[in-house]
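Enquirer: Protein chains in written order, with UniProt numbering: chain A, 1 to 256; chain B, 1 to 309.
Please keep in mind that the hints were generated in silico from the structure rather than gathered at the bench.
Incorrect hints may have been included.
Said to hold, decoys possible - If you want the footprint, here are the derived chain B segments under chain A, 3+ residues with CB under 8 Å: (1) 42 to 56; (2) 90 to 98; (3) 234 to 246.
Claimed, not checked - The calculated DSBU-like cross-link candidates involving lysine-lysine, where the alpha carbons are at most 30 Å apart (straight line), are: (4) K189(A) x K49(A); (5) K49(A) x K172(B); (6) K49(A) x K80(A); (7) K48(B) x K131(B); (8) K172(B) x K254(A); (9) K254(A) x K80(A); (10) K145(A) x K80(A); (11) K13(B) x K131(B); (12) K49(A) x K145(A); (13) K195(A) x K49(A); (14) K254(A) x K13(B); (15) K307(B) x K131(B); (16) K145(A) x K131(B); (17) K49(A) x K197(A); (18) K195(A) x K80(A); (19) K254(A) x K276(B); (20) K309(B) x K254(A); (21) K131(B) x K172(B).
Said to hold, decoys possible - Here chain A is said to cover these stretches of chain B; the calculated rule only asks that three of the stretch's residues, wherever they fall, bring their Cβ under 8 Å from a Cβ of chain A: (22) 1 to 12; (23) 151 to 164; (24) 249 to 263.
Each residue gets a CB set at the ideal place from its N, CA and C atoms; glycine is no exception.
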Amino acid sequence: MNIVVLVKQVPDSGLARQLDAQLRVDRNGANNVMGELDEYAVEAALQLKEAHGGEVTVLTLGPGQATETVRKVLAMGADKAVHVEDDAVGGSDALTTSAILAAALGRLEWDLVIAGAESTDSNMGVMPQLLAARTGAPALTGARKIDTDGSSITVEHQRANGYDVLTATLPAIVSVWDTINTPRYPSLKGIMAAKRKPVETLTLADLGVAAAGPAAASNEVVEAAARPPRSAGQIVTDEGQGGSALAGFLAAEKFI
Amino acid sequence: MTDILVYVPNSGKHAAEVLTLARSLGDVSAIAFDDAAASLAGEYGAAKVYRVEAPGADDYFVDPKATVLTDLARNANPDFFLLPSTDEGKALAARVAVALDNGLMTDVSGLDADGTASQDAFAGATILKSKSTKGFTLATVKSGSTEPTPAPGSPAVETVNAVVAEADQRVKIAQRVDEPAGDRPALAEARVVVSGGRGVGSAEDFALIERVADALGGAVGASRAATDAGYYPHKFQVGQTGTTVSPQLYLAAGISGAIQHRAGMQTSRVIVAVNKDADAPIFGMADFGVVGDLFQVLPQALEEIEKRK
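Start from the sequences and build out the full structure, keeping to the hints where you can.
Expert: Next up, the structure:
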């Protein structure tokens with residue numbers, strides 16, 4: 001079974017993040033890491049490969065520095081990579097991004113595409129459905145469990161108050177939450193092996209995508225402002241009265 | 001007149017919020033697949049209801065409704081098409097966007113009549129204002145964005161009969177499993193959320209968090225550290241990779257306030273924190289904080305709450 005896993009390099013959400021002068025996500029000044037949920041997608045892909053054979057290809061779209069993320073996925077155990085890298089990509093919206101990724105998927109042989117349920121920079125969570133619309137493959141999103149017999153797929157789609165069991169025939173597109181597995185760390189052997197694994201770099205021209213970047217975007221950011229800081233609150237140290245003080249505050253705010 | 005198309009999935013609070021926001025922008029036409037949703041639309045001021053009869057649509061994931069919504073949007077050609085920002089709402093909006101080659105905005109927290117949408121970026125640290133430049137304004141609206149206000153009316157009802165095409169039968173919903181929700185309000189919609197973190201220390205001791213939540217009529221949440229440690233089920237996680245909440249009151253106990261957690265709760269109206277560590281970042285955003293042992297502070301607070309009730 002051939003699997004393509006989608007990964008995106010994003011600014012580390014554990015540190016302060018900002019927009020650049022063009023009101024886009026600042027990727028130059030940030031500490032960039034693999035999207036937090038992408039690691040679970042990679043692990044799911046590797047486990048399915050271990051059970052069913054085949055190849056895992058990592059597909060990413062991003063600037064040159066995204067190579068670090070690609071190498072990490074190869075070190076975890078993916079077999080090869082496709083990195084779409086083009087100066088015209090910066091400032092693309094989700095719809096353009098999906099057109100580019102769909103074109104790249106069109107060049108690959110796959111039974112299954114696996115992605116994180118959302119990126120941890122823009123958090124839109126729409127890419128699997130956008131790709132479903134563009135590739136014609138069904139999307140089974142928000143999985144907390146995946147089962148496949150090689151020709152069909154069953155996932156548990158996580159909801160707030162339970163889950164739905166979804167089934168479809170392959171090829172299909174699946175996205176996963178962090179409830180699905182515990183991602184492995186790259187081994188030293190894996191890190192060494194990753195250096196020799198093939199990484200194909202493609203441009204928009206290679207993919208036949210003509211329109212990208214801000215000019216092709218379907219919305220425009222007109223203003224960005226830092227959220228006003230919350231006014232400083234009252235902090236008390238418990239010396240035996242902390243609980244009463246807390247209850248007093250809640251009563252004053254009419255929560256009791 | 002500005003025309004607003006609204007997808008109403010059910011008769012819940014989030015749907016009522018979207019209808020209320022939509023009504024402030026212009027004439028609302030609601031899309032309802034069942035009677036409960038249709039009656040909510042009437043109660044919240046829709047001028048028109050498309051009451052869709054699509055036998056079998058519920059047996060399949062996303063596709064049948066996406067087709068219906070696409071057709072209705074194409075024909076209505078509205079100024080706005082709003083959906084609740086849920087997994088389903090986002091999925092449907094994405095499908096409509098591609099099918100109609102239209103722009104798409106998600107997790108919008110406010111909208112002006114001129115189409116300017118407010119969104120939080122970077123876990124709420126930045127507020128963006130954006131405008132759609134392609135087609136109508138297609139947006140999913142975050143829970144908690146508007147106070148739902150009824151405006152009962154008698155909408156014109158148009159029945160839409162839809163047949164589920166074979167192409168839309170690719171993802172079958174083989175089973176729906178509801179896990180017991182208990183008596184507490186749903187996390188994403190609760191007016192009060194009481195959350196525990198690593199400082200709670202064990203699954204057993206989460207009972208204290210539950211007692212405080214129950215005393216305040218709230219939902220229970222947990223930080224990622226607490227769910228990863230197995231103290232509380234993952235579905236109650238508040239944060240970047242969990243549920244985003246925006247309650248009137250958020251009480252964080254034994255939670256340091258890492259960015260990952262703040263992402264999920266920093267737009268709460270009132271934030272209260274209890275933590276042993278006076279340097280915990282959560283105190284920087286708290287309206288009221290107690291530096292102390294939560295096992296001393298919360299039981300005393302509980303006793304006081306019971307007394308005051």
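Enquirer: Would you mind marking each hint as holding or not holding in the structure?
Expert: The hints, checked one at a time:
With 0 residues carrying a beta carbon less than 8 Å from a beta carbon of chain A, the segment 42 to 56 of chain B misses the three-residue requirement, and the given coverage is violated. Counting residues of the segment 90 to 98 of chain B whose CB lies closer than 8 Å to any CB of chain A gives 7, which reaches the minimum of 3, so the coverage claim holds. Counting residues of the segment 234 to 246 of chain B whose beta-carbon sits less than 8 Å from any beta-carbon of chain A gives 5, enough to reach three: the coverage restraint holds. A hinted pair counts as satisfied when its Cα atoms are at most 30 Å apart, and K189(A) with K49(A) qualifies at roughly 19 Å.
Straight-line distance between C-alpha atoms of K49(A) and K172(B) comes to about 24 Å, which keeps the hinted pair within the 30 Å bound. Only pairs whose Cα atoms come within 30 Å are accepted, and K49(A) paired with K80(A) is accepted, the gap being roughly 13 Å. Distance hint between K48(B) and K131(B) is fulfilled; the C-alpha atoms sit about 26 Å from each other, no more than 30 Å. At roughly 47 Å between alpha-carbon atoms, K172(B) and K254(A) are farther apart than 30 Å, so this suggested pair is violated.
Note on K254(A) and K80(A): the hinted pairing is violated, with a Cα-Cα distance of about 59 Å set against a maximum of 30 Å. Straight-line distance between C-alpha atoms of K145(A) and K80(A) comes to about 25 Å, which keeps the hinted pair within the 30 Å bound. The suggested pairing of K13(B) with K131(B) holds, with an alpha-carbon distance near 26 Å, which does not exceed 30 Å. At roughly 15 Å between alpha-carbon atoms, K49(A) and K145(A) fall within 30 Å of each other, so this suggested pair holds.
The suggested pairing of K195(A) with K49(A) holds, with an alpha-carbon distance near 20 Å, which does not exceed 30 Å. Only pairs whose Cα atoms come within 30 Å are accepted, and K254(A) paired with K13(B) is accepted, the gap being roughly 22 Å. A hinted pair counts as satisfied when its Cα atoms are at most 30 Å apart, and K307(B) with K131(B) does not qualify at roughly 51 Å. Restraint check for K145(A) and K131(B): not satisfied, since their Cα atoms lie roughly 37 Å apart, outside the 30 Å limit.
Distance hint between K49(A) and K197(A) is fulfilled; the C-alpha atoms sit about 17 Å from each other, no more than 30 Å. Restraint check: the Cα-Cα separation between K195(A) and K80(A) comes to about 11 Å, which is no more than 30 Å; the hinted pair holds. Annotation: proposed proximity of K254(A) to K276(B) holds, straight-line Cα distance about 26 Å (limit 30 Å). Proximity of K309(B) to K254(A) is assessed by CA-CA distance (about 11 Å); at most 30 Å being required, the pair is judged to hold.
Taking the CA atoms of K131(B) and K172(B), the gap is about 36 Å. The hint is violated against a cut of 30 Å. Residue count for the segment 1 to 12 of chain B with a Cβ under 8 Å from a Cβ of chain A: 0. That is fewer than the three needed, and the coverage hint is violated. Check on the segment 151 to 164 of chain B: 0 of its residues sit with their Cβ under 8 Å from a Cβ of chain A, so the three-residue criterion for coverage is violated. With 5 residues carrying a beta carbon less than 8 Å from a beta carbon of chain A, the segment 249 to 263 of chain B meets the three-residue requirement, and the given coverage holds.
The structure does not agree with the numbered hints 1, 8, 9, 15, 16, 21, 22, 23 stated previously, though it agrees with the rest.
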